[in-house]
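S.K.: Listed in order, the protein sequences are those of chains A and B.
Heads up, the first sequence is in the UniProt record's numbering, so the first residue is 1 and it goes up one at a time.
Heads up, the second sequence is in the UniProt record's numbering, so the first residue is 1 and it goes up one at a time.
No wet-lab data here; the hints were simulated from the structure.
Worth double-checking, as some hints may not be accurate.
Just so you know, same-sequence chains aren't split out, so a pair can sit in one copy or run between any two.
Said to hold, decoys possible - The list that follows gives simulated cross-link-like pairs (lysine-lysine, PhoX-like), each with its CA atoms no further than 20 Å apart:
(1) LYS105 x LYS93
(2) LYS121 x LYS105
(3) LYS105 x LYS135
(4) LYS146 x LYS135
(5) LYS68 x LYS20
(6) LYS12 x LYS138
(7) LYS146 x LYS93
(8) LYS20 x LYS121
(9) LYS16 x LYS135
(10) LYS93 x LYS20
Number of protein chains: 2
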Amino acid sequence: MSDEYFMQQALKEAKKAQEKREVPIGAVVVMNEQIIGRGYNQVEMLNDCTAHAEMIALTAAFNYLGSKYLMDATLYVTLEPCFMCAGALYWSKIGRIVYGAEDEKNGYRRVAGERSPFHPKTKLESGLYGEESLKMVKEFFAARRK
Amino acid sequence: MSDEYFMQQALKEAKKAQEKREVPIGAVVVMNEQIIGRGYNQVEMLNDCTAHAEMIALTAAFNYLGSKYLMDATLYVTLEPCFMCAGALYWSKIGRIVYGAEDEKNGYRRVAGERSPFHPKTKLESGLYGEESLKMVKEFFAARRK
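Generate coordinates for the entire structure from the input sequences, incorporating the hints supplied.
M.R.: This is the structure in structure tokens:
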């Protein structure tokens with residue numbers, strides 16, 4: 001199974017958020033080619049500004065594994081993580097992060113700058129289905145401004 | 001009710017963590033002189049590296065208020081927040097943060113440096129019962145190394 005396949009699964013999660021009028025962001029955690037955690041943004045639904053897609057997917061993965069570390073897992077998320085989620089990813093020691101679009105406004109680099117907030121062993125990639133991800137987010141905010 | 005009183009309550013939460021062999025960190029969220037959220041570090045118990053005292057106290061406060069913002073609230077936490085928790089506090093737009101001891105190793109400044117990760121309107125204070133807080137943490141790690 002490919003990165004493309006798993007990012008499509010993250011986009012499916014984002015679609016679920018969109019259908020519930022949440023900012024459309026989705027994430028999956030994958031280990032041994034298997035999805036062990038899924039999440040989509042639920043900030044409005046839960047009235048909880050920490051209920052980001054990544055946090056929910058990570059907690060699901062911890063619960064599934066009964067482990068608080070994810071060295072052998074990859075997180076796929078449709079948008080660049082904010083620095084709260086970057087912090088959670090740091091603590092998880094996750095093996096690899098693949099994100100779709102960059103988030104200039106709220107991405108972790110706004111605070112971290114050029115410093116990597118992640119664990120030194122965490123691999124980082126970006127851009128996969130970035131256009132699709134950004135299109136969903138932009139459409140969401142355009143519709144909300146109407 | 002004073003800052004001292006509420007930081008003592010946060011220290012009580014830290015004590016609960018200590019009794020459960022968790023890193024002893026505690027937090028309370030206060031609004032109108034009332035505690036609306038409590039939390040202590042439960043990383044080991046929940047096998048979830050995001051189960052920090054602040055995250056638990058914040059989520060309790062969101063649930064209590066049915067609101068995802070905490071502009072009129074204060075968070076008291078025994079140790080300097082890590083940058084995951086700093087991110088959560090940013091999103092919450094919390095009015096004020098009072099932390100006890102500084103955390104050179106994992107405090108938010110390790111990544112943020114001189115940039116404030118918090119909301120521009122959030123007031124920040126530190127040092128209240130810092131010695132008591134640090135003593136608990138140091139004793140915990142000293143005992144664990146034995």
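S.K.: What are the numbers of the hints that this structure violates, sorted from low to high?
M.R.: 7, 8, 10
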